[in-house]
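**Student:** Residue numbers (full-length UniProt numbering), protein chains in the order written: chain A, 1 to 224; chain B, 1 to 224.
Read the hints as simulated data drawn from the structure, not as lab findings.
Beta carbons: idealized from backbone N, C-alpha and C, even for Gly.
One or more of the hints may lead you astray.
Far from chain B by the CB rule (all over 10 Å, computed), these chain A residues [unchecked claim]:
#1 31
#2 82
#3 108
#4 115
#5 140
#6 163
#7 186
#8 189
#9 209
Take a look, some chain A residues computed to stay more than 10 Å from chain B by CB distance [unchecked claim]:
#10 18
#11 21
#12 30
#13 40
#14 43
#15 59
#16 95
#17 147
#18 201
According to the in silico footprint, chain B covers these stretches of chain A (three or more CB under 8 Å from chain B) [what the hints assert, rightly or not]:
#19 116–130
#20 148–154
Number of protein chains: 2
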Amino acid sequence: MLDKNELTYVATHFDFWDKLNPLEKNIFENNIVKVKYNKGFNLHSSDSECLGVLLIKSGGLRVYILSEDGREVTLYRLSPNDVCVLSASCILNNITFDVHIDAESDTEAYLLNIGAFSRLHSQNVYVENFAYKNTIERFSDVMWAFEQILFLSFDKRLAIFLLDELNKSDSDEITLTQDQIAKYIGSAREVVSRMLKAFQNQGILEQSRGSIRITDKNKLKHLI
Amino acid sequence: MLDKNELTYVATHFDFWDKLNPLEKNIFENNIVKVKYNKGFNLHSSDSECLGVLLIKSGGLRVYILSEDGREVTLYRLSPNDVCVLSASCILNNITFDVHIDAESDTEAYLLNIGAFSRLHSQNVYVENFAYKNTIERFSDVMWAFEQILFLSFDKRLAIFLLDELNKSDSDEITLTQDQIAKYIGSAREVVSRMLKAFQNQGILEQSRGSIRITDKNKLKHLI
Numbered sequence: 001m002l003d004k005n006e007l008t009y010v011a012t013h014f015d016f017w018d019k020l021n022p023l024e025k026n027i028f029e030n031n032i033v034k035v036k037y038n039k040g041f042n043l044h045s046s047d048s049e050c051l052g053v054l055l056i057k058s059g060g061l062r063v064y065i066l067s068e069d070g071r072e073v074t075l076y077r078l079s080p081n082d083v084c085v086l087s088a089s090c091i092l093n094n095i096t097f098d099v100h101i102d103a104e105s106d107t108e109a110y111l112l113n114i115g116a117f118s119r120l121h122s123q124n125v126y127v128e129n130f131a132y133k134n135t136i137e138r139f140s141d142v143m144w145a146f147e148q149i150l151f152l153s154f155d156k157r158l159a160i161f162l163l164d165e166l167n168k169s170d171s172d173e174i175t176l177t178q179d180q181i182a183k184y185i186g187s188a189r190e191v192v193s194r195m196l197k198a199f200q201n202q203g204i205l206e207q208s209r210g211s212i213r214i215t216d217k218n219k220l221k222h223l224i
Numbered sequence: 001m002l003d004k005n006e007l008t009y010v011a012t013h014f015d016f017w018d019k020l021n022p023l024e025k026n027i028f029e030n031n032i033v034k035v036k037y038n039k040g041f042n043l044h045s046s047d048s049e050c051l052g053v054l055l056i057k058s059g060g061l062r063v064y065i066l067s068e069d070g071r072e073v074t075l076y077r078l079s080p081n082d083v084c085v086l087s088a089s090c091i092l093n094n095i096t097f098d099v100h101i102d103a104e105s106d107t108e109a110y111l112l113n114i115g116a117f118s119r120l121h122s123q124n125v126y127v128e129n130f131a132y133k134n135t136i137e138r139f140s141d142v143m144w145a146f147e148q149i150l151f152l153s154f155d156k157r158l159a160i161f162l163l164d165e166l167n168k169s170d171s172d173e174i175t176l177t178q179d180q181i182a183k184y185i186g187s188a189r190e191v192v193s194r195m196l197k198a199f200q201n202q203g204i205l206e207q208s209r210g211s212i213r214i215t216d217k218n219k220l221k222h223l224i
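The shape of chain A in the complex, shown without the other chains:
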């Protein structure tokens, strides 16, 4: 059972809390636990059992699709305070696609297990609505990702990605391998490698093993 502070935190982010009756609050409290996932752990896939709904406390998750021949396309990434509903997609009838969810870094989260979530979801329309609203936000994320993949030239996509990463990190260093970048933006490592080299030749960045230092942010912005 979570302590009082944790429960307050959780109730703020599962904003159906106020619409639960006492019995439902009881179900909620008895079925939410703190979980930890190591970096790289796959917590949801087409084969795995349905986990439930997650509220991320620290770390982050990456949600992606996987082709039969092993190609990955990242749909979106979740950060602390984000709620992950697709890890409970088995009870959402209208979701007919499969996603994979990995911990991007060591991640702590609160997990409302699938049994409790299923029960609350079926008997309380506000819980159902919460799940839908969250899913539709992710729909918007997915549309954004696909518009980038389908419509943007690759140099723009890579520039946007690098600037986003830069803004997150609060430094001029991005600690990602070419392989990771390729996965995140749905491309091949060779293509990323070629474009990073081109950026390097333009004096935009310097590469070293597993990290990239942006030396001219304005030039990078200018690409977009």
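Following the hints, position chain B against chain A.
**Tutor:** Relative to the frame of chain A, chain B by itself:
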């Protein structure tokens, strides 16, 4: 005002009807009208005003995204009895992307105008719920479209598309131009043209101006 038969039809498909109170039913009845769109008419775009929710009676709609340089990618198509909610996306806060909606053929529909829908949506959680559920179904359609575009080889995509069209038409004839096919499957006309010629050489189909006759359905199925 719709007649009794029409209202029964409409109430069946807007399945929040039973959850409306008498006043809300009144709002609904006074704000739903029959509309007609000519083939090719653009009824929703990023610039246009928000129409409201549509229930298609006959004909069909195509929902697509458009790049800055004019490339189209079809997200999904709607048929009779389908409800179109993205034509009211302005009141759905979580939808942050723009789509375009065209009439694919002469189309008759029932339109619940945006003012009434907005009012019902904000005061009745079941109307809100209906809009979300419908949107999430479309999310699944979109994921399907994107998985095809991103993961399937082009011959498979085209074969699946032709078989779908064949099943709809109940004949061995598909009356679509290469240009239309390219739009529907999010490709370029030249690519479609090349692949259709390859299929023709394999004895799968015959082409004439604006239409395609499938001569060997089994060979086509075999491609998938």
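**Student:** Hint by hint, say whether it matches the structure.
**Tutor:** Evaluated hints:
no. : hint    : result
1   : 31      : 23 Å, holds
2   : 82      : 14 Å, holds
3   : 108     : 26 Å, holds
4   : 115     : 22 Å, holds
5   : 140     : 4 Å, violated
6   : 163     : 19 Å, holds
7   : 186     : 7 Å, violated
8   : 189     : 17 Å, holds
9   : 209     : 30 Å, holds
10  : 18      : 14 Å, holds
11  : 21      : 15 Å, holds
12  : 30      : 26 Å, holds
13  : 40      : 23 Å, holds
14  : 43      : 20 Å, holds
15  : 59      : 24 Å, holds
16  : 95      : 6 Å, violated
17  : 147     : 6 Å, violated
18  : 201     : 27 Å, holds
19  : 116–130 : holds (count 4)
20  : 148–154 : holds (count 3)
Figure legend: structure checked against the earlier numbered hints; hints not met, in rising order: 5, 7, 16 and 17.
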